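K.L.:
Below, each chain spelled out in residue letters.
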Amino acid sequence: MMRALYSAALGMKAQQTNVDIISNNLANVNTTAFKKDKAEFKDLLYETLSRADVVAGDGKPVSLQIGHGVTISAITKSFSEGNLERTENPLDLAIQGEGFFVVLTPNGPRYTRDGSFKVSNVEGQIKLVTSDGYPVLAEGDTEIVLPETAISSITIDETGRITYKDAEGQIQDSGFKIKIVRFINPQGLLAEGKNLYNVSAASGDPVSEEETEGPKSRILQGFLEMSNVQVVDEMVKLIIAQRAYEINSKAIQTADDMLSMANNLKR
Amino acid sequence: MIRGIYTSASGMILNQKLMDITANNVANVSTTGFKRDVAQVESFRNMLVYRIYDKPSSPDNAIGYMSLGADVSRIVSDFSQGLYIKTDEPLNLAIRGNGFFAVEVPGGQGGQQALYTRNGAFTLNSRGELVTLDGFYVLGQNGRIVLQNHGQIRIDEQGNIYQDGRFVDRLRVVDFQDKMLLRKLGNNLFEADATAQQIPFSGKILQGYLEGSNVNSVQEMVNMINVLRAYEANQKAFTIHDETLQKAVSEIARK
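Just so you know, the protein sequences line up as chains A and B, in that order.
Heads up: the first sequence begins at 1 in UniProt numbering, then just goes up one per residue.
Heads up: the second sequence begins at 1 in UniProt numbering, then just goes up one per residue.
Errors might be hidden in some of the hints.
[Claimed, not checked] In silico lysine-lysine, BS3-like type, Cα no more than 27 Å apart, as pairs: (1) A/38 x B/86; (2) B/236 x B/247; (3) A/13 x B/247; (4) A/13 x A/118; (5) A/118 x A/194; (6) B/236 x A/266; (7) A/127 x A/77; (8) A/118 x A/165; (9) A/250 x A/38; (10) A/77 x B/86; (11) A/77 x A/194; (12) A/118 x A/177; (13) B/247 x A/250; (14) A/194 x A/177; (15) B/204 x A/38; (16) A/127 x A/194; (17) A/216 x A/77; (18) B/247 x A/266; (19) A/127 x A/177; (20) A/127 x A/165; (21) A/177 x A/165.
[Said to hold, decoys possible] Chain B is faced by these chain A residues, among others (derived, beta-carbon under 7 Å): (22) 3; (23) 248; (24) 249.
To be clear, the hints were calculated from the coordinates, so they are not data collected in a lab.
Keep in mind it's a predicted model, so treat the numbers as computed, not measured.
In this text, a Cβ means the ideal position worked out from N, Cα and C, and glycines have one as well.
Go ahead and model the full structure; you've got the sequences and the hints to work with.
P.N.:
Below you can see the structure in the form of structure tokens.
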């Protein structure tokens with residue numbers, strides 16, 4: 001009886017976490033390059049009341065096992081691409097493919113797919129930075145410093161090479177190429193908020209796309225990657241989670257009713 | 001009289017166990033690849049009741065049979081198909097038809113043990129190996145499956161894995177003659193008994209789908225109502241036995 005109470009309580013708890021995850025997805029439906037999360041459930045230990053016993057055709061072929069509920073085993077991120085939105089802003093970049101931009105924060109390099117970049121003027125140096133002011137890194141892990149005239153005429157091609165027009169209208173190569181890295185297991189990345197990810201032992205080290213074989217990501221200038229959250233999907237998941245929560249609470253009620261009957265045996 | 005008390009009590013204990021099973025099913029209503037448990041109930045062995053004080057071996061001494069309660073005799077998993085949930089993730093796989101993915105789990109004596117699962121939510125680890133979300137290796141025909149750093153992964157209906165058009169390995173999907181010999185271990189894993197006969201996999205693999213739990217909430221609600229009412233009836237029977245006993249003990253003596 002107590003088992004039933006605990007199993008159903010764990011069911012409610014797991015669904016609560018599920019709803020937390022869904023609401024975070026819904027809250028980030030307009031966050032640039034946000035990647036949706038999904039809860040994965042697994043069943044818990046089984047208690048063996050009596051073991052299976054196969055003795056020459058005689059004996060029990062199956063064991064008597066009662067489970068102990070459920071838990072959330074993982075929260076997986078879906079790195080599927082979000083829709084692209086055309087912004088016409090030359091400093092807005094979207095990545096098509098599996099790559100990430102590298103930005104330098106005070107705590108070290110972090111990775112992001114949010115390409116809504118800006119320029120900042122620090123002590124006369126014009127730098128390409130994120131909305132939070134972190135410098136974007138180019139190949140060779142250098143910050144991208146541009147001449148003042150470049151800002152109005154900046155062009156970034158599909159590979160990330162930055163060119164601009166000088167005062168005479170001549171196209172000049174800035175010498176910078178935006179660094180794009182990829183991870184063997186992006187699901188292992190640690191989301192830090194502010195659209196930034198950090199590496200973990202599970203994600204593997206970042207690999208520069210420049211130095212590896214295989215398909216490369218494409219950079220699109222004048223576009224932003226939207227969140228990959230689909231409101232309809234999340235609403236359906238929300239309804240299912242709510243009903244699952246409800247049936248688990250009904251199980252608790254039933255178990256409680258039974259307990260109260262047991263208590264009424266002795267009058 | 002006392003016999004009746006024990007019989008009602010065993011009925012209550014039985015229904016408690018049924019409730020435990022239902023609660024576990026209900027808790028796992030969102031668990032990928034979960035198979036609901038069903039209890040089979042068996043009455044205690046019948047016993048022949050004889051009149052006493054008669055000639056012991058005479059056949060017409062028998063009053064009849066009676067059984068003094070019931071208990072759960074088996075808990076079997078219902079392996080019917082769960083619903084398919086489209087996720088569009090390349091490493092989410094569902095099995096259509098019978099069969100299980102084989103995964104490698106650290107075994108007892110430092111060795112490795114093959115276990116089975118219907119949960120096809122897989123991912124890659126930092127070495128590019130295909131693993132479950134708990135980090136257990138998914139097995140192919142040649143052992144662990146190692147995929148490249150990047151590249152399109154395509155898995156066909158037979159379980160052949162291709163990356164950028166290049167054949168990598170074929171998933172080890174196994175089926176069993178008698179699924180009653182599978183034992184649940186938790187973590188969505190099943191263990192096969194040594195005597196379980198493997199048969200070739202005849203179903204299909206669906207990429208970009210997951211198999212949901214096959215728990216049906218309506219069915220479980222009905223189970224719960226049944227269990228509750230049966231429990232209540234047993235409790236009432238118990239109370240009536242008790243009242244009868246009380247009469248016998250406190251009123252008969254008063255005369």
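K.L.:
Decide, hint by hint, whether the structure agrees.
P.N.:
Results of checking the hints against the structure:
Only pairs whose Cα atoms come within 27 Å are accepted, and residue 38 of chain A paired with residue 86 of chain B is accepted, the gap being roughly 13 Å. A distance of roughly 16 Å separates the Cα atoms of residue 236 of chain B and residue 247 of chain B; the hinted pair therefore holds under the 27 Å criterion. For the given pair, residue 13 of chain A sits about 48 Å from residue 247 of chain B by alpha-carbon distance, which is inconsistent with the 27 Å threshold. Distance restraint check for residue 13 of chain A and residue 118 of chain A: the Cα-Cα separation of roughly 43 Å exceeds the 27 Å cut-off, and the hinted pair is therefore not satisfied.
Between residue 118 of chain A and residue 194 of chain A the alpha-carbon distance is near 15 Å, which keeps this suggested pair within the 27 Å criterion. Of the supplied pair hints, the one linking residue 236 of chain B and residue 266 of chain A holds, its CA atoms being roughly 12 Å apart against a limit of 27 Å. Restraint check for residue 127 of chain A and residue 77 of chain A: the C-alpha separation of about 32 Å exceeds 27 Å, so the hint is violated. For the suggested pair residue 118 of chain A and residue 165 of chain A, the alpha carbons sit about 18 Å apart, so the restraint of at most 27 Å is met.
Under the criterion of a C-alpha separation no larger than 27 Å, the hint pairing residue 250 of chain A with residue 38 of chain A is consistent with the structure, at around 25 Å. Taken as a hint, the residue 77 of chain A and residue 86 of chain B pair is honoured in the structure, with Cα atoms around 15 Å apart against an allowance of 27 Å. Using a Cα cut-off of 27 Å, the hinted pair residue 77 of chain A and residue 194 of chain A holds, with the two alpha carbons roughly 16 Å apart. Between residue 118 of chain A and residue 177 of chain A, the direct Cα distance comes to roughly 16 Å. Compliance with the 27 Å bound is thereby established for this hinted pair.
For the suggested pair residue 247 of chain B and residue 250 of chain A, the alpha carbons sit about 38 Å apart, so the restraint of at most 27 Å is broken. Taking the CA atoms of residue 194 of chain A and residue 177 of chain A, the gap is about 24 Å. The hint holds against a cut of 27 Å. Between residue 204 of chain B and residue 38 of chain A the CA atoms are separated by roughly 25 Å; this keeps the pair inside 27 Å, and the hint holds. In summary, the hint linking residue 127 of chain A to residue 194 of chain A is supported, as the alpha carbons are separated by about 20 Å, within the 27 Å threshold.
For the hint pairing residue 216 of chain A with residue 77 of chain A, the CA-to-CA distance comes to about 22 Å; that is within 27 Å, so the pair holds. For the hint linking residue 247 of chain B to residue 266 of chain A, the alpha-carbon distance of about 16 Å falls within 27 Å, and the restraint holds. Proximity of residue 127 of chain A to residue 177 of chain A is assessed by CA-CA distance (about 14 Å); at most 27 Å being required, the pair is judged to hold. Of the supplied pair hints, the one linking residue 127 of chain A and residue 165 of chain A holds, its CA atoms being roughly 17 Å apart against a limit of 27 Å.
Among the hinted pairs, residue 177 of chain A with residue 165 of chain A is consistent with the structure: their alpha-carbon atoms are about 16 Å apart, no more than 27 Å. About 4 Å separates the beta-carbon of residue 3 of chain A from the nearest beta-carbon of chain B, less than 7 Å, and the hint is met. Restraint check, residue 248 of chain A versus chain B: the minimum CB separation of about 6 Å is within 7 Å; hint holds. Annotation: interface hint on residue 249 of chain A violated; nearest CB of chain B at approximately 10 Å, more than 7 Å.
Checked against the numbered hints listed earlier, the structure breaks hints 3, 4, 7, 13, 24; every other hint is satisfied.
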